[in-house]
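*Asks:* Please model the entire structure based on the sequences and the hints provided.
Read off the chains here:
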Amino acid sequence: DTGVSQNPRHKITKRGQNVTFRCDPISEHNRLYWYRQTLGQGPEFLTYFQNEAQLEKSRLLSDRFSAERPKGSFSTLEIQRTEQGDSAMYLCASSILRTGLNSYEQYFGPGTRLTVT
Amino acid sequence: GENVEQHPSTLSVQEGDSAVIKCTYSDSASNYFPWYKQELGKGPQLIIDIRSNVGEKKDQRIAVTLNKTAKHFSLHITETQPEDSAVYFCAASPLYTGGFKTIFGAGTRLFVKA
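Protein chains in written order, with our numbering: chain L, 1 to 117; chain H, 1 to 114.
What the hints contain is simulated information worked out from the structure, not anything from laboratory work.
There could be a bad hint or two in this list.
With a Cα cut of at most 20 Å, we get these calculated DMTMM-like pairs of lysine to aspartate or glutamate [claimed, not checked]:
#1 H:Lys101 with L:Glu83
#2 L:Lys57 with H:Asp84
#3 H:Lys71 with H:Glu15
#4 H:Lys101 with L:Glu105
#5 H:Lys42 with L:Asp24
#6 L:Lys11 with L:Glu105
#7 H:Lys37 with L:Glu52
Not everything, but these chain H residues come out facing chain L in the computed CB check (under 7 Å) [stated by the list, open to error]:
#8 Phe89
#9 Ala106
#10 Phe111
Virtual Cβ for every residue (Gly too), placed ideally from N, Cα, C.
*Replies:* Written out as structure tokens, the structure reads:
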């Protein structure tokens, strides 16, 4: 399977704990996005990377959230001191930007469902 | 801030009938409008998209129309089948951002009754 993969698929944690999610994009894709999706809503943009550079962060991304893409391949999203309001589906997507080829199609992974108790 | 409104939130149709989902957007800079289908336990999957230099686009049973003046765009599914049952999201994005500034609607849950 050469699609976007995310791990873990489900995470249950207690309030105050730290959690980390991983996203592996499609191999040749140089752009990677993180979204949050709550029940009954569409995905909300959190942040995105072009290669290893984090180019944009949403105001939704509080100081407790941090994302990295150290080698321009996989990415991690860490939430520190989790709160019940952090409970959501965290989606990762990737796309390709290349000279002469500009695809805006974002390929989404299956998501990581976080439950904070 | 910018937003995308989507209607209806739930739509139930009989197999073989057509389904129409409508969206409006607020950001005048938006010029790329993708539609995604999300099935249970999966991430959204792009099913069709349209750019602002085109008023209509069709792909088999799926068509999208865009009225840039009114900031409206719609998804039309003809000859619906039970496997079309899913949540559909419209979205709007200014292309100059490279697509990262994508605003999604709240979704339409489509039920196709056999």
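*Asks:* All hints, please: hold or fail.
*Replies:* A quick look at each hint next to the structure:
With a CA separation close to 26 Å, the supplied pair H:Lys101 and L:Glu83 exceeds the 20 Å bound. Restraint check for L:Lys57 and H:Asp84: not satisfied, since their Cα atoms lie roughly 34 Å apart, outside the 20 Å limit. Straight-line distance between C-alpha atoms of H:Lys71 and H:Glu15 comes to about 30 Å, which puts the hinted pair past the 20 Å bound. The suggested pairing of H:Lys101 with L:Glu105 holds, with an alpha-carbon distance near 13 Å, which does not exceed 20 Å.
For the hint pairing H:Lys42 with L:Asp24, the CA-to-CA distance comes to about 16 Å; that is within 20 Å, so the pair holds. Between L:Lys11 and L:Glu105 the CA atoms are separated by roughly 28 Å; this puts the pair beyond 20 Å, and the hint is violated. A distance of roughly 29 Å separates the Cα atoms of H:Lys37 and L:Glu52; the hinted pair therefore is violated under the 20 Å criterion. Below 7 Å, beta-carbon pairs count as interface contacts, and H:Phe89 has one with chain L at about 5 Å; its hint therefore holds.
For H:Ala106, the interface hint holds, since its Cβ comes within 7 Å of a Cβ in chain L; the closest pair sits about 5 Å apart. Proximity of H:Phe111 to chain L is violated relative to the hint, the smallest CB-CB distance being about 15 Å (cut-off 7 Å).
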